[in-house]
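Going down the list, the sequences are from chains C and S.
One point on numbering: in this note's numbering, the residue at position 187 of the first sequence is 187, and numbering is uninterrupted.
Converting from the second sequence to this note's numbering requires adding 1000 to each position, the first position being numbered 1.
A hint or two may mislead.
[Said to hold, decoys possible] So the derived list for chain C, only partly shown, Cβ under 10 Å to chain S, looks like this:
1. V35
2. L51
3. D76
4. R79
5. L153
6. R160
7. P163
8. G265
9. I268
10. D272
The set of hints was computed from the structure by calculation and includes no laboratory data.
We treat Cβ as the ideally placed atom computed from N, Cα and C, and that holds for glycine.
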Amino acid sequence: VWVLILRRVAAMAFSILFLTALIFALMQAVFGDPVVIMLGRDADADTVARLRRDLGLDRPVHVQYADWLGRLAHGDWGRSFRTGQPVLGAIAARLPVSLELAFLSLFVAVVLALALGILAAVRPRSAVDAGISVLTAFGTAMPNFWIAILLILLFALHLRVLPSSGSVPLLDDPWGHLRAMVLPTVTLSIAYLCNLARLVRAKMLEALATDYVRTARAKGLRESRVLWVHALRNSVLPVLSILAVSMSRLFGGAVVTETIFALPGVGILLVDSILGRDFPVVQGIIIVVTVGVFATNFLIEIAYAVVDPRVRYQ
Amino acid sequence: MNRTRRSSRIRAARGLGALGLTALLALALPAVSVEAQTPARGGTLRIGWIPAAKTLDPHYSVEFSERYVCYLVFNTLVGLDRGFNVVPELARAWQVSQDGKRVTFQLQRGVKFHDGTDFNAEAVKWNMERILDPQNKSPQRAPLEPAIAAVTVADPHTVVFELKKPFAPLLAALAERPGFIVSPAAAKQLGQEFGQRPVGTGPFRFVEWVRDSQVTLERFADYWEKGKPHLDRVIYRVVPDPTVRLTMVRTGEVDIATDVDAKDIPGLRGDANLVVSEMKPAARWTALQWRVDEPPFNNKALRQAIALAIDRNEIRDVLLRGFGEPARGPVSPGLWWSDPAFRGIGHDLDAARKKLAEAGYPNGFRARFVVENTPQWIRQTELLQAQLQKINVGLDIEPVNPADAYSRIVAKKTNWTHTRWAQRADPNGLLYILFHSKGHANTTGYSNPKVDEILDQAAAIYEVQRRRDLYYTAERTITEDVPYVFLNYTAEFAVMNRKVQNWGWVPDLIPRFRDLWLEK
Chain C
1 VWVLILRRVA AMAFSILFLT ALIFALMQAV FGDPVVIMLG RDADADTVAR
51 LRRDLGLDRP VHVQYADWLG RLAHGDWGRS FRTGQPVLGA IAARLPVSLE
101 LAFLSLFVAV VLALALGILA AVRPRSAVDA GISVLTAFGT AMPNFWIAIL
151 LILLFALHLR VLPSSGSVPL LDDPWGHLRA MVLPTVTLSI AYLCNLARLV
201 RAKMLEALAT DYVRTARAKG LRESRVLWVH ALRNSVLPVL SILAVSMSRL
251 FGGAVVTETI FALPGVGILL VDSILGRDFP VVQGIIIVVT VGVFATNFLI
301 EIAYAVVDPR VRYQ
Chain S
1001 MNRTRRSSRI RAARGLGALG LTALLALALP AVSVEAQTPA RGGTLRIGWI
1051 PAAKTLDPHY SVEFSERYVC YLVFNTLVGL DRGFNVVPEL ARAWQVSQDG
1101 KRVTFQLQRG VKFHDGTDFN AEAVKWNMER ILDPQNKSPQ RAPLEPAIAA
1151 VTVADPHTVV FELKKPFAPL LAALAERPGF IVSPAAAKQL GQEFGQRPVG
1201 TGPFRFVEWV RDSQVTLERF ADYWEKGKPH LDRVIYRVVP DPTVRLTMVR
1251 TGEVDIATDV DAKDIPGLRG DANLVVSEMK PAARWTALQW RVDEPPFNNK
1301 ALRQAIALAI DRNEIRDVLL RGFGEPARGP VSPGLWWSDP AFRGIGHDLD
1351 AARKKLAEAG YPNGFRARFV VENTPQWIRQ TELLQAQLQK INVGLDIEPV
1401 NPADAYSRIV AKKTNWTHTR WAQRADPNGL LYILFHSKGH ANTTGYSNPK
1451 VDEILDQAAA IYEVQRRRDL YYTAERTITE DVPYVFLNYT AEFAVMNRKV
1501 QNWGWVPDLI PRFRDLWLEK
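If we strip away everything but chain C, and leave its shape as in the complex, we get (with noise of 0.2 Å):
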């Protein structure tokens, strides 16, 4: 196991390195000048070059991304050029919002997707499984903000059950609180919920077809033992592979829901540091994104072990 760790630390350090590196070099290349957005339209050219020179954007790009490698590896991760924060406080300051939103999506997309999948392939081909079907495919095929928008027109404007948009803080009042993310969790878990229920569907089909579950039920085991035990633990495998996969998407999903959601998260931190061209802040998100992608990859990779005893890691 800590060769693995190993090993999946230097991969991890590499794709930092290598991340960090491209958006120094595309910094130049692509995007524009961050001084001048900093300083907008009224600000006269001496002020421009001043503020460029402070900031070290003056000099080359390879040398500007030494010098931030340098303050990294003493634990310095700079200040935001737009807010003069740092770095490190505005990002632990937006992550429990992204966290909550990430987890509270996953947990509803695989509990429901188990039990639509499960719902479907128990009685494959009956009107609940083309139901099941036909919902899971238009959830799949509508992008999210569309999804959001509906939800938002629907429950808010319509029904007035639910809050258009915003956060409240959760100690100031927990019912508001989940109230505010019901909405937020729906649009970023259905098209994992519904990838997922596809997914389940046609591995429990697979399962129920086998041999060893048909020697189950001709021991005469229980239908719920047989479902529940033979044939659910050997299909959520691949369900687990899927959700190492899509934590990265996760995270995609995350930006657009908490723009049109106004969730505080480090989604919009991103987005807008990206537009503002504040590099420090954007470096610093691509480190804590990297390394919470391969943790958690890491996590199923472990917990995939747990549920099939033949994986083994050496």
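With the hints as your guide, set chain S onto chain C.
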């Protein structure tokens, strides 16, 4: 991305023409009738706010949305009324010396900052020096630096601005970002953090800023304008998506939404719970710009041909849903420096074809046109493409990221593109920075010694009548030289809940809220 600036009460009082006065009255009338009711105290006003705020320190503010908050937390040295005239604020009166090189301000007494420290002449001096010190890299330095030689304290309630030259636009500048007075004690103590926890003398005290979520302000009990403000709290809720912003006004989750697209207005007018307010006179104009010092647009006849080929009425009817007005030049009608007799270039396809031939392109030509990649600008560009096709001018549309659009113009990577500016309270505000050869936002390479001379001359004159005649000439000359093709004076809308009372626009498009109240 739009900036604004202001003008002077003294000048206004001395020589505001019949035209300006009419505009002022037209603006003031609805406000007066509403103010006849007794304002109710209390309540929380919630505003659907556009994100993008980076700092609430006005001396570093660049984003338009930041000023929504700054105008509540801070006062400016002088203020602006709804007719764009400079009026007393922290300075209750001022005098300009005979030679125009010294302005003496008498300050309000008994004004406190929210941290309990006193506002006085020392504070004004400290604020001006903070902006002027090049080490501080304030984007607000540009309008002040060419004018101010020194700021001196005559007594605790009198401050004197010594000028390098007579400079009439100074007062208007002091009603805008360069004129915001921050608490010196708090700014010194908080350093870089001041932008996150602003302290001023304004009607509302800063409480909390949850980034990308909301800003909360509460009534400042010791506010110096007695009886104001009427509201207890003001909450700016960040709502990035325009559709969601409108939904929230309709559901009552917020009371006001600004920056509403014209296409949504007909739908909103049908809602009995909502009031739609349109800004008049038009506060912004749209235009096309190009580099007049580089081929192909260093050819005046070519620029004129294109200006003549554009049908501004069609743009208004199709894209602005009939709101707004075709633009004649860079001065919106209703402002005191707007020439009512001026007609602009107009729309004439035959004349355009003649000019095009005169320019050396009898068979037309193609050029690259850079457009900010947003639905609104793309739609406008497609319409322009169709209009210019009629004189055989082809546009190759190149979309760019909106955030990069301006820096690409500054870096001269963009030759031909669209732009948009907001009016400021002094004519010098826009005309100098865009059209003077030394203007810091002159990104077209435009240089006409006659225009430079007129603008320099006009800025040194305090008398409105004489200044106005000079700006009339400047506008005509600029429009004829076509560094910009002026398209439309655009309409701006705010949508609000019916219980919001005494809403009023200042033509810089920033609501002030100190006179606003909520019906119970």
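Consistency of the hints with the structure:
| no. | hint | verdict |
| --- | --- | --- |
| 1 | V35 | holds (8 Å) |
| 2 | L51 | holds (5 Å) |
| 3 | D76 | violated (16 Å) |
| 4 | R79 | holds (8 Å) |
| 5 | L153 | holds (7 Å) |
| 6 | R160 | holds (6 Å) |
| 7 | P163 | holds (6 Å) |
| 8 | G265 | holds (8 Å) |
| 9 | I268 | holds (5 Å) |
| 10 | D272 | holds (7 Å) |
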